[in-house]
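**Q** Chains as they are written, first to last, in the numbering used here: chain V, 1 to 282; chain H, 1 to 282.
Don't read these hints as lab results, they were simulated from the structure.
The reader is advised that the hints may include incorrect statements.
A pair counts as met if it fits within one copy or between any two copies, since identical chains are not told apart.
Straight-line Cα separation of at most 20 Å, DMTMM-like style, residue types lysine to aspartate or glutamate; simulated pairs [said to hold, decoys possible]:
(1) Lys-119 <-> Asp-197
(2) Lys-68 <-> Glu-12
(3) Lys-68 <-> Glu-270
(4) Lys-68 <-> Glu-200
(5) Lys-188 <-> Glu-63
(6) Lys-68 <-> Asp-197
(7) Lys-119 <-> Glu-166
(8) Lys-188 <-> Glu-270
(9) Lys-188 <-> Asp-231
(10) Lys-119 <-> Glu-77
(11) Lys-68 <-> Glu-6
(12) Lys-119 <-> Glu-208
(13) Lys-68 <-> Glu-241
(14) Lys-68 <-> Glu-208
(15) Lys-188 <-> Asp-101
Number of protein chains: 2
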Amino acid sequence: MANGDEFRVIAEHGCFGGVQGFYAHASSVCHAPMRFSVYRPPQASSGRVPVLYYLAGLTCTEETFMIKAGAQRVAAELGLMLVAPDTSPRVRLPGDDAHWDFGLGAGFYVDATFAPWSKHYHLYSWVTQELPALVAQRFPASDAQGIFGHSMGGHGALVCAMRNPERYRSVSAFAPIAAPTQCPWGQKAFGGYLGEDRAEWAQYDATELAARRGFGTTILVDQGTADEYLDVQLLPDRLVEACRASGTPLRLNMREGYGHGYWFVQSFVEDHLRHHAALLGR
Amino acid sequence: MANGDEFRVIAEHGCFGGVQGFYAHASSVCHAPMRFSVYRPPQASSGRVPVLYYLAGLTCTEETFMIKAGAQRVAAELGLMLVAPDTSPRVRLPGDDAHWDFGLGAGFYVDATFAPWSKHYHLYSWVTQELPALVAQRFPASDAQGIFGHSMGGHGALVCAMRNPERYRSVSAFAPIAAPTQCPWGQKAFGGYLGEDRAEWAQYDATELAARRGFGTTILVDQGTADEYLDVQLLPDRLVEACRASGTPLRLNMREGYGHGYWFVQSFVEDHLRHHAALLGR
Chain V
1 MANGDEFRVI AEHGCFGGVQ GFYAHASSVC HAPMRFSVYR PPQASSGRVP
51 VLYYLAGLTC TEETFMIKAG AQRVAAELGL MLVAPDTSPR VRLPGDDAHW
101 DFGLGAGFYV DATFAPWSKH YHLYSWVTQE LPALVAQRFP ASDAQGIFGH
151 SMGGHGALVC AMRNPERYRS VSAFAPIAAP TQCPWGQKAF GGYLGEDRAE
201 WAQYDATELA ARRGFGTTIL VDQGTADEYL DVQLLPDRLV EACRASGTPL
251 RLNMREGYGH GYWFVQSFVE DHLRHHAALL GR
Chain H
1 MANGDEFRVI AEHGCFGGVQ GFYAHASSVC HAPMRFSVYR PPQASSGRVP
51 VLYYLAGLTC TEETFMIKAG AQRVAAELGL MLVAPDTSPR VRLPGDDAHW
101 DFGLGAGFYV DATFAPWSKH YHLYSWVTQE LPALVAQRFP ASDAQGIFGH
151 SMGGHGALVC AMRNPERYRS VSAFAPIAAP TQCPWGQKAF GGYLGEDRAE
201 WAQYDATELA ARRGFGTTIL VDQGTADEYL DVQLLPDRLV EACRASGTPL
251 RLNMREGYGH GYWFVQSFVE DHLRHHAALL GR
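Assemble the whole structure, with the sequences as input and the hints as a guide.
**A** See the structure below:
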């Protein structure tokens, strides 16, 4: 595909009275074909509905959330459109599959400035600007937008929301990488995509942004206590402290016995959709 | 693993207040390690609960239903244990991966009598006898059992139930292969596993069994109208006719615009769990 819109339907399926679709387009900001999925609830056949973006975690694709989270049932009830972008461009670059936590499937929702990633890995601009414009054009989306995500995507959702409060009315996260500049996953990714300029890193760190900017509606976070990544990679306590310092409302639910994956996410996805729906006017 | 029990926990995860587990054991009837998954609802921590078996379709494993169907939420509410067996042994035999609709992932829930399949491919006895005995021993299962499934597994569920009405109180299916002796998938599988003796085939054909034996409680079937396999492989009309002839109660819901996969299954799985729960005394 050349740059521009070049929207393509990969597949569409009936699901809970709505349509589960998988799509691709030629992204101008990523200079690459990019994939995403959309769940249109039944209400979207008769009018525009709010859009809730979901950013997935390491190794995931635009399919993961739609297959594993069980969110369509609730979205169909509430009249929310769900949009799940892929987690990286799929153009091949040297070394892009050498590590599962960097490169393919691991875009970290930043605009990379460091070669060779700087040509295609512009997930931040794609997710916050180009993709919403495309969704508004191609789907019956209203102006009301929320964003949430899981792990790397929880980090991404928090960053997108806090840097663009005029675009997102609601934000939540499952087991987010809450302070990426302070954990190995984040340090590796930011070093690779952004180089060693720590000022550049700070604009992609939810804890830094919470301390400096905060957010206007309650941030909802769920975190499993049996999550193997909790103590080294996720660090929700840092986010709690930053929100407290800036007076940002945060509800952190520690979930006893739950792990890191979609067995956990699906258990609480309904709570998150209801949180967003209330703030998006449904 | 040698024959016998040799039960092994592969993984367990918190999910909707219960436990989603993946297990293996050394099957005596399959002479092979066999895998299955169990969802234990929260109610199972304080007493025995009914068990609902789910048989998956072609190419699936013991993971498919648990990942894609969104059933745990409802099972947790109703207090049903869910058990999903793998769809074939995973020992390797010559030619077992030459076709996606025969061999690996395609056991068709028969006891094969034809070499080389006759040594390991004894899914029927495993699902109806050995696995329930193991589940009763290892998990807090009551005597109340139901069974359902999808596509190849819908065929399997109907056959297991109608041949063993003393074991199963309830049966349902999503897009079942309703008359396998009359469709290409079934003819290929039965010819390969059972040889050309059509009398042998008949005992694994839901339509034949419905005509000859019927079932004591209402058979619930959901079928998508946009299912690409409907007219050539699934043939629900044959089952309807057979049930009418024998006076077997059948509720067939044709679902407008739904396809064959789990986008369809998840949309109606709650109806099926409630159907079983009512008959299993929950």
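**Q** Hint by hint, where does the structure go against what was stated? Just the numbers, ascending.
**A** Failing hints, ascending: 4, 5, 6, 7, 8, 10, 11, 12, 13 and 14.
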